[in-house]
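Kindly produce the complete structure, drawing on both the sequences and the hints.
Quick note: the sequence shown uses our numbering, first residue 8, plus one each step.
What the hints contain is simulated information worked out from the structure, not anything from laboratory work.
Bear in mind the structure is a predicted one, so any value in this text is a computation, not a measurement.
Ideal placement from N, C-alpha and C gives every residue a C-beta, glycine not left out.
A portion of the hints provided could be inaccurate.
Stated by the list, open to error - Distance ranges between label pairs, derived from CB positions:
id	residue 1	residue 2	range
1	Val-9	Leu-40	44 to 52 Å
2	Leu-39	Met-8	41 to 49 Å
3	Asn-20	Leu-47	27 to 35 Å
4	Glu-38	Val-9	30 to 38 Å
5	Thr-41	Leu-12	24 to 32 Å
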Amino acid sequence: MVEQLHELERGHNVMPDREGRVVEFKRDVNELLTLAGQPLRYQRAAGGDEV
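In structure tokens, the structure reads:
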């Protein structure tokens, strides 16, 4: 049981890093599309936060 708790905690600690990398990836894709004269693939989030 304790082992499972530690495993869940490790997974929980990794998620914010993953989310940040996904946002950074989407920004990079949009930047490359802009340079190529193509429409953006990822739009801004509803709250106004950039993707």
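Structure-based check of each hint:
no. : hint                        : verdict
1   : Val-9 / Leu-40: 44 to 52 Å  : 47 Å, holds
2   : Leu-39 / Met-8: 41 to 49 Å  : 47 Å, holds
3   : Asn-20 / Leu-47: 27 to 35 Å : 32 Å, holds
4   : Glu-38 / Val-9: 30 to 38 Å  : 45 Å, violated
5   : Thr-41 / Leu-12: 24 to 32 Å : 45 Å, violated
Checked against the numbered hints above, the structure violates hints 4 and 5; every other hint is satisfied.
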